[in-house]
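Asker: So the chains spell out like this:
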Amino acid sequence: MKRLTTVVALGAVTALALTGCAKKSGDDTAASSGGKTTVRVLISGDTNVQDLWDKGIVPGFEKANPNIAVTVELDLHGEHDSQNLAKMAAAVKGNSDSGMDLIDGGFVLQAAQAGFLAPADPSTVPGLSDVPGDIIKAGGGGGIPYRGSSVLLAYNSTKVAKPPQTLDTLLAWIKANKGQFTYNSPKSGGSGASFVTTVLDKYLSPADQQTLRTGYDQALESTWDKGFAELKSLNQYVYQGGVYPNGNAQVLQLLSAGSITMAPVWSDQFISGQKTGQIPATIKATQISDPSFTGGAAYLGIPKNSPNKAAALKLASYALTPAVQNVIATTIAGYPVIPLAKLPAQTQEIFKAAHPDTLRPTYFSQVTNDMNKAWDDKVPGK
Amino acid sequence: MRRTRVAARSSGQPRAVLGFVMALPPLLLIAVFAGLPIVLAVGYSLGHTGGLNSVTASYAQHQHVATSGWGTFAAYREMLATGRFRTDVAVTVLVTLLSTAVVLVLALGIALNLRLRGGRVAGAIAALGVIPLFIPVVIASWAILTFYSTDGFIRSVFAQVGLDAPALGFKVVTIVIGSVWTSLPFAVLMVSSGIQSVPDAVIDAARDSGAGLLRTTRSVILPMAFIPIVIATTFTAIGVLGSFTVPYFTGPNSPRMLGVDIQNYFAAYNQPQQAIVIAVTIFVLASGIAVLYIWANFRSANSKDL
Amino acid sequence: MARRLTTNVLLTLFLALLVVFILGPLLWLGIRAFATSWTYPNLLPDGWTLEWWRKVIADNQLSTAVQNSLTFAPLTVIVSAVICLPAAYAFGRHDFAGRKIMLVGIFATNAFPKMGLFVTMASMFYALGLMQTVLGIVIVHVMGTVVFMTWIPAAAFGAVPRSLEEAARDAGASPARVFFRVTLPLALPGILVAMVMSFLASFDEAQGTYLVGYPDYLTMPTQMYSLVLNYPLQMAAVFSILLSIPSVLLLALAHRHIMGGQLAEGFQLR
Amino acid sequence: MRPTVTHTPSTTTPAGAAFSPPAAADAALVLQGLNKELGGRPIVTDLDLAVARGELVCLLGPSGCGKTTTLRMVAGFLAPDRGAIVVDGKDVTGLPPERRPSAMVFQSYALWPHMTVFKNVAFPLRLKGVGKAQIAERVEAALELVNLTHHMGSRPGRISGGEQQRVALARALVQEPALLLLDEPLSNLDARLRVKVREEIREIQQRLGITTLLVTHDQDEALSVSDRIAVMNDGRIEQVSAPTQLYAEPETEFVATFVGSLNRVSGTFSDGGFVPGPEVTAVRPEDISLHDHPGSATFPVRVDRVVPHGSFIEVVLSGEGQTLRAFRSGTVPVVGSQVHARVERSMAFVDGRRVS
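Protein sequences, first through last, are from chains A, Z, F and W.
Per our numbering, the first sequence runs over residues 1 to 382.
Per our numbering, the second sequence runs over residues 1 to 306.
Per our numbering, the third sequence runs over residues 1 to 270.
Per our numbering, the fourth sequence runs over residues 1 to 356.
Just so you know, these hints were derived from the structure itself, not from any lab.
Ideal Cβ placement from N, Cα and C applies to all residues, glycine included.
Incorrect hints may have been included.
[Stated by the list, open to error] No farther apart than 25 Å at their CA atoms in a straight line, the calculated lysine-lysine pairs in the DSS-like style are these:
(1) Z:K171 with A:K232
(2) A:K55 with F:K55
(3) A:K309 with Z:K171
(4) A:K314 with A:K342
(5) A:K382 with Z:K171
[Said to hold, decoys possible] Derived, one-sided and incomplete: chain Z residues facing chain A with beta-carbon distance under 7 Å:
(6) V55
(7) S58
(8) Y59
(9) Q63
(10) R84
(11) F170
(12) N253
(13) S254
(14) P255
(15) F266
(16) A267
(17) A268
(18) Y269
Could you build all of it, start to finish, from the sequences and the hints given here?
Answerer: Given below as structure tokens:
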């Protein structure tokens, strides 16, 4: 019996000791220091956005608000969006803490649609008063637009001297240069989604396009058929006879490595990639027309029942200040969502042709979900 | 040995109750944290959106709600009517069959070599087959993808001699390669243990009776190691059937395995109900395979003379 | 003689292919951990460096993940052992109504893809206050180990000859003493294998950990998903090597027992 | 790999064998200069043996003496390092077991658990491509020979050990082998069954006139069934003789000790007294007679213990500084009493070899 007690006691002690070893990722920073509020930011996207938060937004915010600490976690490509959305849904329904105070990208619009987010308007987020109303409206009531970006056509200038200038010439180029073009599957990243949307829009009336951008109309989705047929016909001309990588980054890697010659890429990723040297200078980017690639705002969302809602709202509003908007513009080449006039002249110069107002927005979130599925069903491997 | 073991199991009334009570904790854990969610999920797939399911129901798209007391098969009908889903089921079954067959052939080869030839080399081969057990699946998938991809080892080697080998990244065959790689250890352990436990004497007796190695293997070794082989087969098949990581990393966008489809229906399409329909499909297929496992075990239990 | 030679040549060929098949991908990735860059179709990298190791070690988030994984895996093994070993003993030593059905039932729930259960699991974990707690993560991990921790030790307990226990009782040992001095040591190899398998299962768990642990507790596999897709391949290689160290140690420790058929025994229903 | 083999097997047997070995032409089995090392240790050394047609020869020896290794070389499971195995004048040394004309009965019976008794026995015939009807006929005949026709449809696991043993025998006999090999066939049976089955084996062997090599460590078994016994020690054959001869005239101290009981003393009995000396004197317990009164060549001993064995009594004696055992029948001596013993017959060994 003594032995039994010893074994049990030993096990218990070890277990307890180990429990203590588990390390909360916030432990290092502020969570342990008393009296502070911590805002937990979840990014569902790519690493350049994490850099933006870590270097461009958080230090300034913490300095201005010494009582608030910010921790940032990245969920790459929204890999765990389903877990996080499930968690947020359960937390909101059960009125408990979801572990997220501010979400950047990913499932924000889905959550807004379901009514899980704290309502966002100029009264709760003062910074929003500077943002165009349409963009706020597309946020579904809870989404806070804080930066814009567009998709560009990147190409290898050593192989292509004169890139296509319109969608039609691009499609012709793809067919003429077998295996030299690809785009990521739309669900895995916005650049591929933008290419798909743009091809679909080619066959849609402007009014129908507008409907799909501002709300959910399932009946109208049948008008995509021609566009999907076009995309399907591209399969044999795409990289390796129809390989669509997962994620924006993989497309950029293929382009940088010289495996392909042309691809749609996010403007912000492209510009920051060239800055760090990951994308060689021989890769250049341009915008096409008729129609142009889509772009749009990235949204922030704050769960309805976040225990740190006030601080999170403050942080969201801070992201809309001219100073931060300028940081966004300069570090990740994101488009400002506030009037350019409020930004330094140098930045105004860069973005004068590319303000969110001038961008073609993407589809409404639920429509995008359906488009992702329809693409999966109708394009690859067919 | 086996008979005495079974006989040694006590079945007196008070001890039986004690045994039952001791067996309960893991069962309760599973019933609460896996059994209950499964029941709820199946209920949701049948259109029951109340209770705990209301959380999901609040944001799901294209949801079918039950109209009658027991529910509706509308979600299942919708999925079965989708060509893409049918293709994916077919591909999943195909990958499962292929991977299981290759795994079994490799495991049998390794085990028979160990049994019939023996020695250090055979032991080393068997140990080699177990190594993947200790490599996390994420790493394995990634390593395999880079090994077979456009700029991977295989193509590099062929390029040395001026040949252009096919790139195997993001193909269905890559999923099979990855599944074989990750499933091999369990099968090797099961099959070689089963074949090792065939006594020398019965093999010698077969040889002495005039059977060559092939015939000995077919008529004596394989039948005697039947149950471990069935177990290796069923567990490999069930594992591949529901796998996510390997096909997610190494497979193509289309056709896709069902495990990846679940994730897509959840996250990319926002159709959790349809995602659960896929999960139930996997579960039903797996149950079919599990029946084989249970049949083999009970068959052996009934003819207690192995 | 010629036939034997053919057999040997075929066997050597098979062995060589198997070595390439199993170890090739690991080496191909492993070498990258020391590579500056690698140009296709060269068989060796362009240059060698330890830069990536420094980067991984300096990355605070990654080291936290390593620490968490190394904490949760043994913790899971201990908790799982406490919950499951008595049951394993019962399955191995007692006969009771529904014994086999219970054994199969333990496995049956594993065949349902966990990805389909996140929503209901999240609701339940919130309702029980388990979200973002160590206990919650341990529960998720233990769930994945129950099959190993009951089936394998059950077979091991079942294989301990009754007569040895009876001899010890006869010699005046108390039941507890008999268990600890006779039954447990004899069943230990099986329990050890179960523990190794549980450790590996816990070490590999990613999806459920993320659901319950995010954002407070992240483990190596949860980080690995983003790592392999996002950081330079070389860093993923470094991380892979680091991740494999505990496994290789386990391999060395338990290799004999695992190859010895303990695992196989456990998977036969008796 | 193996040396060239002459087809005239050696007729030399260990020194002084009283039973003349079969002429080469008669020999159904000839083992010639067999050598085998396992793990760097010599297991069988320079072994020669010839077995006549229809003869049953026993390989007898303690465990580890190399008898099973020898048998396995004959069956083809082990290849000798040197030497040749010739069956019916044909060198089979290089053949795998499945192509040798021998059939073996294994110590553990080695029945295939997934086949019925019938299928077990039929298996060798099926491999030879014998027709279905003939298989049924021959299997039935073989099972009849071992009295097991009623268990034809049973699985081996369902029948008793003795019955399993007989199935194994039937499986060997059905092949009508040129040579029957029995590897400790009775060691897994209880004492009573052992006696019964060994008689059955001997009876069948003689009826079929089948050449047989039997391996055992049990001297009773060897003595009761063999035509000749080859006693092995340390990888060598010490003596090959008929059972009675082996018992009565052991050529080496090892054979004398291993077969039957023995009193062994260092010295000699002469004129009723004991004289210590370098040579070993061996006396069978039945060769010591006990008398109430002193007589010629008797010496006084004390009765220390009496062990009844049923048909005879073992008496433990001490005297002349030695402990001796004597077998006798009839009256039981009183423990503690003084009696007089006489050595009726003794053997002398120097360096393990018989000198008188």
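Asker: Which of the numbered hints are not met once you compare them with the structure shown?
Answerer: Violated hints (numbers, rising): 3 and 9; every other hint is consistent with the structure.
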